[in-house]
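Chains H and Z, in that order, are what the protein sequence lines are.
With the first letter of the first sequence counted as 1, position 4 gets the number 4 in my numbering; the numbers rise by one all the way through.
For any residue, its number in my numbering is found by taking its place in the second sequence, counting from 1, and adding 536.
One thing to keep in mind: the hints can contain errors.
Part of the chain Z face toward chain H, derived, beta carbon under 10 Å [as the list claims (entries may be wrong)]:
no., residue
1, F555
2, R563
3, S564
4, F567
5, Y580
6, L583
7, L603
8, A626
9, K627
According to the in silico footprint, chain H covers these stretches of chain Z (three or more CB under 8 Å from chain H) [what the hints assert, rightly or not]:
no., region
10, 569 to 579
11, 587 to 593
Below 25 Å or equal to it, Euclidean Cα-Cα: the simulated PhoX-like pairs (lysine-lysine) are [claimed, not checked]:
no., chain 1, residue 1, chain 2, residue 2
12, H, K532, Z, K627
13, H, K516, Z, K641
14, H, K441, Z, K594
15, Z, K627, H, K279
16, Z, K594, H, K233
Hint data in this document are derived by calculation from the structure and do not stem from the laboratory.
A quick note: this is a predicted structure, and the numbers were derived from the prediction, not measured.
The beta-carbon is built from N, C-alpha and C at its ideal position, and this holds for glycine as well.
For reference, the chains in residue letters:
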Amino acid sequence: MSHEALSTILFLIFVAVTLAITFWASRNTRSASDFYAGGRSFSGLQNGLAIGGDYMSAASFLGIAGIIALSGYDGFLYSIGFLVAWLVALLLVAELMRNSGKYTMADVLAFRMSPRPVRTAAGVSTIVVSIFYLLAQMVGAGALVGLLLGVHSEAGKIWTIIAVGLLMIIYVVFGGMKGTTWVQIVKAVMLMVGAALVTLLVLGKFGFNLSGLLGDAAAQSGKGDAFLNAGLKYGTEAQGTWGKIDLISLGLALVLGTAGLPHVLIRFYTVPTARDARKSVMWGIGIIGVFYLLTLVLGFGAAALVGSKTIAEADKAGNTAAPLLAQKVGQDIFGDVGGTILLAVIAAVAFATILAVVAGLTLASSSSFAHDLYAHVFKRGGATERQEVVVARIAAFVIGAIAITLSIFAQSLNVAFLVSLAFAVAASGNLPAILYSLFWKRFNTAGAVSAIYGGLISAVVLVVFSPVVSGAPTAMFPDADFHLIPLSNPGIFSIPIGFLCGYLGTVLSKEYNASKYAEIEVRSLTGLGAEKATSH
Amino acid sequence: MTVQHDPSVYERIQAGEQFQELRRRYRSWAFPMTIAFLVWYLLYVVLSGFARGFMGTKLFGNINVALVFGVLQFVSTFLIAWAYSRHAEAKLDPIADELRAGAEKRDEVGEGAK
């Protein structure tokens with residue numbers, strides 16, 4: 001049997017299992033708390049796994065292994081930003097958010113503000129961030145299936161995008177948070193087991209001598225010791241000082257963005273107490289940290305055993321480095337059949353990864369649409385919970401359909417930058433608003449609205465006039481040139497702009513509500529009045 | 537189910553000595569630590585951009601400073617997460633539990649919420 005057929009069978013098994021879970025979850029999803037927050041009844045470990053499942057996207061699994069395989073050490077810089085970011089979430093956001101919010105990020109931001117303008121801003125930002133992220137994942141899915149299943153026709157890619165989109169819609173519409181969380185858990189376990197297995201085989205081949213592995217990787221890459229140091233991809237010497245500032249700008253967005261990503265934030269609502277939210281982030285940090293250490297070995301292992309040249313020939317971005325490595329070590333150790341099986345397993349894991357992440361994003365954006373925009377802005381708080389859930393399900397369907405359509409149009413464009421743009425917007429708009437809301441007594445409606453729009457607009461505008469959109473061969477529109485700034489990553493400017501807008505908006509407005517601040521401060525730190533878990 | 541407390545309950549708790557102590561213990565740990573790990577991380581990023589000669593120094597075999605520095609970021613992240621959870625369990629949770637239990641109990645006997 002070919003590896004394509006085996007991958008397809010394994011993937012279909014994953015789809016069957018997750019659909020079964022989804023229909024089980026749909027029978028247990030009755031209230032709004034079930035749909036938005038899984039009844040708040042997941043344990044710390046379960047939610048920790050789901051955090052890993054939501055966060056370890058195909059971009060971090062295939063993408064980082066690929067960057068390391070082709071450009072060496074630079075891929076590791078990405079992993080470190082993605083991991084350290086979780087400390088911001090752990091120390092400043094997770095528990096306080098769990099105690100003071102209900103279903104969405106906006107619950108915390110609107111807590112002591114005028115609800116309509118703040119929820120509108122937070123809803124817009126949530127949907128924009130989620131759609132950016134979603135597009136990058138779905139376009140990536142189309143390209144990936146081409147590489148892994150040998151489907152190279154345009155029609156094949158379009159059908160893949162449609163199939164991924166329909167599955168994610170089914171998970172969210174029927175399973176809500178409960179179904180989506182279980183999909184994340186299953187995927188996280190598969191991904192960790194798959195990555196650990198290949199890592200062990202690779203290390204075994206080198207007699208667990210990491211230095212030997214690195215030496216072979218550097219030699220095979222043809223770049224020597226430079227392969228083991230930063231600078232082959234980000235902030236290269238040829239790009240000069242601006243390139244290096246760009247690297248720092250990327251690092252800032254990665255480390256500050258995570259705690260402002262709506263699909264990450266709503267995970268904190270799925271556990272019964274703030275203490276469980278803390279435990280889940282602890283588990284998440286452990287799982288994600290180990291995973292990135294595994295990708296380090298996978299990336300350098302792929303360079304050493306498969307060779308950068310073969311990897312670059314298969315895919316310019318190196319996205320197939322991990323699957324090719326699985327095939328190679330499988331072959332070397334267990335023969336051709338072993339190679340076929342390992343390749344198929346890793347390919348199936350990659351699809352599962354994409355599906356779980358897009359489902360989480362669709363849930364975050366449809367929840368925000370229903371709870372923030374529909375219930376609190378259009379209906380001014382007059383919608384029943386039942387109506388909210390119906391609207392959330394319709395919104396999941398519509399957002400899914402929009403994402404499918406946009407992805408089909410975008411599939412020939414280079415949209416990989418949308419992931420780092422999503423992090424930049426989250427760091428520039430959402431994070432200042434969240435931190436000010438939780439910690440600054442004086443913060444008010446004008447401040448929240450200014451922070452969100454200021455951060456969102458400055459990040460997007462800076463990127464539109466950057467080399468990732470035009471003026472470079474790797475740009476989204478390589479034939480046009482309207483770029484004005486040399487930076488690909490807006491964070492170094494847009495993050496301070498977001499914080500500054502939040503500050504200025506606040507001090508220029510007289511609004512201030514001491515008693516509401518007392519409420520959010522006491523509630524966030526003690527859990528008094530926090531939402532309770534629902535029991536069935 | 538959402539429990540509605542009279543706003544004055546929160547203001548009273550906020551003004552209390554016990555809550556002020558909880559707030560101080562939380563902030564005096566979380567804020568400086570956040571600044572510390574961000575500075576430590578930015579130092580790593582800046583050195584990766586501007587001090588490549590230093591980062592490329594080989595320490596043993598093919599293991600260079602860049603790799604060790606990177607792995608140290610993982611180690612520090614794990615350690616800070618562990619230390620925070622120890623701090624929260626020992627110094628924050630007991631006060632938070634007491635304040636919450638006290639307020640919920642007063643509600644039951646009808647003193648807090650009217």
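Practice item. Classify the hint on Z/Y580 as holds or violated, based on whether any CB of chain H lies nearer than 10 Å to its CB. Key: Constraint on Z/Y580 satisfied, holds at 7 Å.
Review point. Does Z/R563 pass the interface hint, meaning its C-beta sits closer than 10 Å to a C-beta of chain H?
Key: holds (8 Å)
Practice item. Take the C-alpha atoms of Z/K594 and H/K233, compute the straight-line distance between them, and say whether it is at most 25 Å. Key: holds (21 Å)
Check your understanding: Are Z/K627 and H/K279 close enough, with their CA atoms no more than 25 Å apart?
Key -> Satisfied, since the Cα-Cα distance of roughly 16 Å is no more than 25 Å.
**Study point:** Proposed interface contact between Z/K627 and chain H, which counts if any beta carbon pair is under 10 Å
**Key:** violated (12 Å)
Review point. With a cut-off of 10 Å, does the beta carbon of Z/S564 approach a beta carbon of chain H closely enough for the hint to hold?
Key: violated (12 Å)
**Study point:** Evaluation of the interface hint that places Z/L583 against chain H, nearest CB under 10 Å
**Key:** holds (9 Å)
Review point. Holds or violated: are the alpha carbons of H/K532 and Z/K627 at most 25 Å from each other?
Key: Measuring from Cα to Cα gives roughly 23 Å; hence the hint holds.
Check your understanding: Should the interface hint for Z/F567 be scored as holding, given a Cβ-Cβ cut-off of 10 Å against chain H?
Key -> holds (8 Å)
Practice item. Report holds or violated for chain H covering the region 587 to 593 of chain Z, Cβ cut-off 8 Å, minimum 3 residues. Key: holds (count 3)
**Study point:** Interface hint for Z/A626, Cβ within 10 Å of any Cβ on chain H
**Key:** With a closest approach of 13 Å, the Z/A626 hint is violated.
Practice item. Assess, step by step, whether the Cα of H/K441 is no farther than 25 Å from the Cα of Z/K594, and give holds or violated. Key: Violated, at roughly 50 Å.
Violated hints, in rising order: 3, 8, 9 and 14; the structure is consistent with all others.
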